[in-house]
Amino acid sequence: MVLSVTEKLYLHESLVSNPPARPDGRSADQFRPIEIFTDFLPTSNGSSKIVASDGTECIVSAKCKVVDHTLEEDLIEVDVDIAGHRDDSPLVQGTLSVLNRVLLSQIDRGSLRLTKKYSFKLYIDVLVLSSYSHPLTLISFAIYSALNSTLLPTLISSDDDLDVAELPTFHDYDLTKLTIKVPVLFTVAVCGKNVIVDPASSESDVANNGILVTWYDGKVTAPVRTLGLNEDYVSGITPQSLADGLKLIEDIAPKVVKALDS
Amino acid sequence: MVLQRKRLSDGLTVTQKVFVRSRNGGATKIVREHYLRADIPCLSRACKQCVNIVVPNAKNELPTFVLSEQPNKLIDGKRHYVVLDANIVLQAIDLLENPACFGDVIIPQIALDEIRNKSYPIYTRLRTLCRDSGDTKRFIVFHNEFSEETFVEREQGESINDRNDRAIRKTCSWYAQHLKPYGVEAVLVTNDRRNLELAVEEGLLAKSLADYVNLLPNSEDVKDALPNLETYKSRDQDLDARSEFKFPDYYSTARVMGGIKSGVLYQGTVQISEYNFLEGSVSLPNFSKPVLILGQKNLNRAFNADQVVVELLPQSEWKAPSTVALDSEHFDVNDNPEGDEDQPKESDAISDKQRRLLVQDAIRTQKSGRTQPTARVVSIARRSWRQYVGQIAPNSIDMQSGGTQNAFVILMDKCLPKIRIRTRRAKELLNKRIVVVVDSWPDTYKYPLGHFVRELGEVESVEAETEALLLEHDVEYRPFSKKVLECLPAEGDNWTAPESLSDAEAIAKDPLLTKRRDLRDKLICSIDPPGCVDIDDALHAKLLPNGHWEVGVHIADVTHFVKPNTPLDDEGAARSTSVYLVDKRIDMLPMLLGTNLCSLKPYVDRFAFSVLWELDEDANIVNVDFTKSVIKSREAFSYEQAQLRIDDVNKTDELTQGMRALLKLSIKLKQQRLDAGALNLASPEVKVHMDSETSDPSEVEVKKLVATNSLVEEFMLLANQSVARKIYEAFPQTAMLRRHAAPPATNFESLNEMLQLRKGMSISLESSKALAASLDRCIDPADPYFNTLVRIASTRCMMAAQYFYSGAYSYADYRHYGLAVGIYTHFTSPIRRFCDVIAHRQLAAAIGYEPLDLNHRDKNKMEQLCRNMNKRHRNAQFAGRASIEYYVGQVMRNNESEETGYVIRVFHNGVVVLVPKFGVEGLIRLENLTDDEQSAEFKAEEFKLSFKVKGMEKKRDIHVFEKVSVQVRSVLDPVTSKRKAQLILV
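Heads up: the protein sequence lines correspond to chains A and B, in order. For what it's worth, the UniProt record's numbering labels the leading residue of the first sequence as 1, then goes sequentially. For what it's worth, the UniProt record's numbering labels the leading residue of the second sequence as 1, then goes sequentially.
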C-alpha cells in the first residue's frame with residue numbers, strides 16, 4: 001500500500017499523539033492476530049507455519065544431522081528465503097545475519113549434545129511466502145514454534161564415547177522432543193515519544209525509528225539494535241525511547257511467549 | 001504426529017510409515033507412503049469369498065489358490081494351516097523342507113522380510129519352497145503389510161519387534177476368523193516366548209515348534225530334525241550343561257562401528273591354523289602380517305572363515321605363533337557333552353587412546369621381531385556357517401541310554417570345534433558320516449549347538465566319503481535340473497555341424513553361420529591324456545610358402561551352445577568349474593555338451609573357436625587371427641601315441657610333419673618363457689590306479705610327464721596370452737583375465753630361515769627370474785629329491801593365481817608371476833572352466849562375431865563372477881586333493897611299507913613328515929616318538945626337536961629338511977574314525 005505524503009503525515013501525527021492512535025485501533029502494546037500451525041511437514045524434524053492478519057506468511061522447517069562437535073563450530077545454520085527478494089538483497093542478508101547471530105549466540109549448545117563427541121546440528125530453513133511488514137518478528141515466532149515442536153531421533157547407544165569410541169546409533173522409530181530455549185525477536189517502532197509494538201507496514205512507513213529487541217530466557221538480551229524502517233521519517237533515537245521500548249517488551253514478552261507455548 | 005489412513009478409492013487407502021535410518025552415525029528421518037488394499041486373497045481353496053475379490057496382476061494372471069481345502073490334521077483331528085513366525089524359519093528351515101511335516105503353511109510377508117534381512121540363503125530356500133513345492137507342501141506368502149485387514153500401526157513406545165509380532169498375530173487371527181466357516185484352523189508356530197504368551201492371551205491357537213511337532217500324528221519321525229536351541233524352556237531344564245564357563249559378550253553395533261571408524265577395532269576374516277584349532281589369524285589392511293588370535297576365549301566363538309571384528313590385546317600378551325600342533329578331535333577328548341566348564345579370566349581394560357598407541361607398537365613389532373601382536377574377537381560381522389559333515393564322537397554318548405541325549409559331532413574340517421547335538425538316534429548314527437547344521441552358540445556354552453540333518457552312510461564307504469568331501473568343499477553335485485537340460489539342442493546326440501556354411505536352411509537356423517570360417521581342410525589333431533572324453537583343444541601346423549609356419553589352436557565352441565542369461569549359463573556360472581575326483585568327475589556343463597557336441601572328437605565336424613598364428617622359425621608371432629570355425633579333427637592322440645608318431649621316422653605324411661613342427665616350435669616357446677623367468681614349481685602330485693574290475697584303488701604312482709605334454713601346454717599358454725591381449729584391447733575395463741601376484745617376502749621368511757640355517761642356501765625374491773635361478777641352485781648333491789622338496793615348499797609360499805576383470809587392477813598388476821607373462825587369461829578349456837566361456841564371449845564380441853552380453857560388460861557383475869570362480873576353483877582343487885588323500889589311505893590300508901620321508905616342519909610336540917612316494921604328509925606326535933616326553937627339547941631358532949629314542953637312553957635330534965625313514969600305514973583314528981596315513985619314525 002503506497003501512501004501519499006498527506007496520508008503519511010496524518011498517520012505520523014496520530015501515532016505521535018498521546019496515547020498513540022494506531023490505524024487499526026490497536027493499543028501500543030497489542031499484536032495483530034496471528035495463526036500458527038506446527039509439525040505439518042512429515043519429512044522434517046520440526047516445522048511451523050505462521051500467518052499474520054495482513055497476509056504475511058512464513059514457513060519454517062528444522063532438520064537435523066549428526067556432527068562431531070569438536071570439529072563443527074556452529075550447531076545451527078539458518079537459511080532465509082523471502083519471496084520477491086533476491087538472496088543478496090539487504091533485507092534477506094540482514095535478516096539472515098540477525099537470525100544466525102541471535103540463534104548461535106543464545107542457544108545453548110548443550111541442548112543439542114548427543115554424546116561427548118557428537119551433537120545434532122540443526123538446519124533451519126525459513127521461507128517467507130509473502131511479506132507486507134517487516135518479517136523478522138514473525139520469522140522468529142515461527143522458528144520458536146518449529147524448534148519447540150521438533151522431534152529428534154532417539155539415541156540408543158551410550159552417551160559416553162570419549163574413552164571408548166562408539167558411533168551414535170538411533171532407535172528405528174522413536175523420536176525425542178527437543179528441549180531448547182529459543183530467543184524471540186520483537187520489533188518496536190518509535191514514533192515521537194511513543195513506542196508501539198509489531199508495527200504494520202503503514203506504521204513502519206512513518207515511524208521515526210525501529211528497535212529490534214531480543215528476548216531470551218525471561219529477559220531482554222543482546223542483540224538490541226535499531227532498524228531503519230523507512231527513509232523519510234528516520235531520526236535519531238533518544239535514550240528515553242530506548243528505555244521505553246525495552247520496558248514495553250519486558251511487559252508483553254512473557255505473555256507472548258506463553259501464548260506461543262500453548 | 002498421528003498417522004492416519006486416507007481412502008484414495010474403493011479398496012485402496014494410503015498411510016504413512018515414518019522411521020529413522022541410522023547409517024554411519026547419522027540419523028535420517030524417512031517418510032514413506034504405504035498403500036493398503038482390500039483385494040489380497042487368503043489363497044485357500046476352501047475359501048468361497050476371496051475368489052470374488054482377486055484381480056489380475058501386471059501379466060494379466062490371476063493368483064493361484066494353493067492352500068488345500070483338506071489340510072493335514074493334528075493329533076486331535078483338527079484340520080489346520082500353519083502361520084510361521086520368522087524365528088521358526090530361521091532356526092528350522094530343514095524341517096520346513098522335510099516332506100513329512102509342514103503342509104499348508106502361511107508365511108506372513110513381515111516374517112519373510114525379517115528372514116531376508118537376517119539370512120539371505122535361508123530366504124532363497126524359503127522362496128524356492130514357496131515357488132516349487134507346488135501341491136506337495138503348499139507354502140504361500142501372505143502380504144499382510146499391504147492388506148487393509150491385517151495392517152497394524154506401531155503404537156507409541158512399541159518396539160519394532162513387538163509390532164511385527166503383533167502383525168503376525170493379527171495375520172493369524174485374521175486367517176482363523178476368515179476360515180472359521182470352512183472348518184480350518186490357523187495355528188501360529190513361534191519360538192518367541194512373549195509372542196506365544198500374547199497369542200494365547202488373545203485366544204489364538206499358538207504353539208512352540210517343539211509343542212507343534214508333538215501334536216503331529218507322525219511326530220516321532222520328525223523330532224530328530226528339531227533344531228537344538230537354547231530356548232527358554234531348555235534353559236530351565238538344561239542347567240547342568242551351562243556352567244561357570246562364559247565367553248566374553250560381543251560389543252554393541254554402536255561400539256563396533258565407532259571403533260572401526262576411529263581405528264581401534266579392525267574387521268577381517270578369521271583363518272584358523274590347520275595345525276592348531278585354538279589359534280587363528282586375521283589379515284588386516286594396516287598390518288604387514290596377519291594378527292594372531294590365541295585361545296578359545298580370544299577367538300570368542302569365531303568359526304574358520306567368519307568375518308569378525310577384532311581388538312588388539314595389551315602388549316604383555318603378545319606372543320610368537322604357537323609351536324604346538326593341536327586339533328579339536330584330540331583336544332579335551334573327555335569333555336562331557338552333558339556339561340562343560342572352564343574358569344573365566346578377565347583381561348585388563350584399556351582405553352581407546354592407549355589402544356591407538358598400541359596399534360603403532362603392533363605394526364612396528366610385526367616388522368621387527370618374532371613376537372607378534374595378538375588380538376581378540378569382539379564381534380562377528382558375518383557367520384560362515386553352512387552344513388557340515390562329521391561323525392559322532394563315540395565316547396561322548398552313553399551307549400546304555402535309549403532316549404534323547406546330547407552328543408558331540410566331530411567335523412571333518414579340523415579347523416572347527418566339535419558341535420553339540422541332541423538326538424535320539426546317537427547309537428544308530430555311530431560310525432556314520434552325518435550332516436549337521438550349527439544353530440547357535442550361546443556365550444555360556446563351550447561348544448556350539450547344532451542339529452542333525454541327514455546321514456550320508458557308513459564311515460569309509462566310498463559313497464559316504466565322496467559325498468562328504470563334495471559337501472565339505474561346497475561342490476554342487478546334484479544332477480542338472482530340467483530347466484538346464486531344456487537349454488540343450490533339441491537334436492541331442494544327433495546334432496551335426498552343417499555340411500556347407502552357405503546352406504540357406506542352416507543359415508536360417510543360425511544367422512551367424514556365415515561368419516564362421518571353414519577349416520575342415522586343415523590337418524587338425526588333438527593330443528590329450530589317455531581316455532579323455534572332453535576334448536577341449538586341437539592343433540594343426542602348416543608350412544607357409546614364405547617359410548613361416550601357420551599354427552592353429554582350435555578350442556571347443558562352447559558358447560555356441562551356452563547362450564548368456566539362460567538357466568544353462570547360470571548353472572555353469574554357479575559351478576564355475578568341473579571337479580575331478582579319483583573315480584568321478586562332477587561336470588560344469590551337462591554330459592551331452594562336454595563329451596559330445598562340444599568335444600572336438602576325431603573324424604566328425606565340430607564347431608570351434610580358432611586362434612591362428614603365423615610364427616617364424618624362432619616361434620615369434622608374425623601375425624595372429626581369431627575366428628569362429630568349423631573343423632574336422634583327423635586323429636585323437638594320447639600323449640604317448642603322439643610321441644610315438646613323432647618319433648617314428650617312417651611316417652612322413654603331412655599330419656606327422658605338422659606335429660613335428662609343433663613340437664619343435666613348442667620347445668622354442670618354452671625356452672623363451674624360461675628365459676623370461678617362468679617358474680618350474682612342484683607339488684607332490686600322485687595318481688591312483690584303480691583295479692579295473694573291482695574299481696578298488698590298487699596302486700599309487702607319482703605323475704610323469706612326456707615331451708608332448710608340454711607341446712600342448714605351450715600352445716595353450718600362447719593362445720591364452722594372445723586372447724588376453726585381444727580382449728583387453730576390446731574391453732579395457734571388463735576383460736576376463738587371470739593374474740598371479742608376486743609372493744610377498746614375508747611368505748618366504750621362515751623357509752629362507754630354515755634353508756639358511758640347515759643348508760646355507762637361500763631363495764631370492766627379486767624377480768621371478770631370480771627366484772627360478774635360486775631354486776635351480778638349491779641342490780643337495782647327496783640327495784636328488786632335495787631340489788623338488790624345496791620347490792614343493794616354495795609352491796606353498798606362493799600366492800594363489802586368481803581370476804579378475806581388467807578394471808579391478810592396474811595394468812602392471814596383470815602380471816602372471818609364475819608364467820612370467822604380462823597378461824594372461826583362460827581360454828582353452830571352456831568345457832570345464834567358466835572363465836574360458838566368458839573369454840570366448842568377449843573374444844567373439846571383439847572380432848565382431850556377436851554383441852557381448854551386458855553381464856560381461858558390467859564391472860559389478862564381473863566382480864561377482866570372478867569371486868565365485870576363484871572360490872569354486874579353490875574348492876575344486878581341495879576336493880580333488882581330498883579325494884586322492886582318501887584313496888591313498890585306502891591303498892595303504894593293504895600295503896604297509898617303509899618309505900623315505902622328509903621333515904618339513906618341526907613343532908613343540910611333533911614333526912611333520914612328507915612322504916614323496918605317496919604324496920602324503922603327516923604329523924608324528926611326540927608321544928609316538930619317545931616314551932619320555934619330558935626329555936624332549938624343542939629349539940625353535942634351530943628348527944630342532946631332540947628327544948630320547950624309544951627304549952633307549954640315546955638322544956636323537958631331528959631337524960627340518962632331514963631325510964628320515966618312516967613306516968607308513970593307514971590307521972583308523974578311534975576318536976574321529978578317519979583313516980589317515982600314520983607315520984612312524986624308524
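No lab work stands behind these hints: they were computed from the structure. Hints may be right or wrong, so weigh each one.
Said to hold, decoys possible - Pairs of lysine-lysine, DSSO-like flavour, derived with a Cα cap of 27 Å:
hint: 1; chain 1: A; residue 1: 177; chain 2: B; residue 2: 17
hint: 2; chain 1: B; residue 1: 871; chain 2: A; residue 2: 63
hint: 3; chain 1: B; residue 1: 29; chain 2: A; residue 2: 121
hint: 4; chain 1: A; residue 1: 116; chain 2: B; residue 2: 29
hint: 5; chain 1: B; residue 1: 261; chain 2: A; residue 2: 65
Keeping to a limit of 27 Å between CA atoms, is the pair of residue 177 of chain A and residue 17 of chain B held or broken? Holds: residue 177 of chain A and residue 17 of chain B sit about 19 Å apart, inside 27 Å.
For residue 261 of chain B and residue 65 of chain A, compute the direct alpha-carbon distance and say whether it is at most 27 Å. Given pair residue 261 of chain B, residue 65 of chain A holds - Cα atoms ~18 Å apart, limit 27 Å.
Keeping to a limit of 27 Å between CA atoms, is the pair of residue 871 of chain B and residue 63 of chain A held or broken? violated (46 Å)
Quick one, are residue 116 of chain A and residue 29 of chain B close enough, alpha carbons at most 27 Å? Within the cut-off at roughly 23 Å; holds.
Satisfaction of hint between residue 121 of chain A and residue 29 of chain B, Cα-Cα up to 27 Å: holds (14 Å)
Checked against the numbered hints above, the structure breaks only hint 2 and satisfies the rest.
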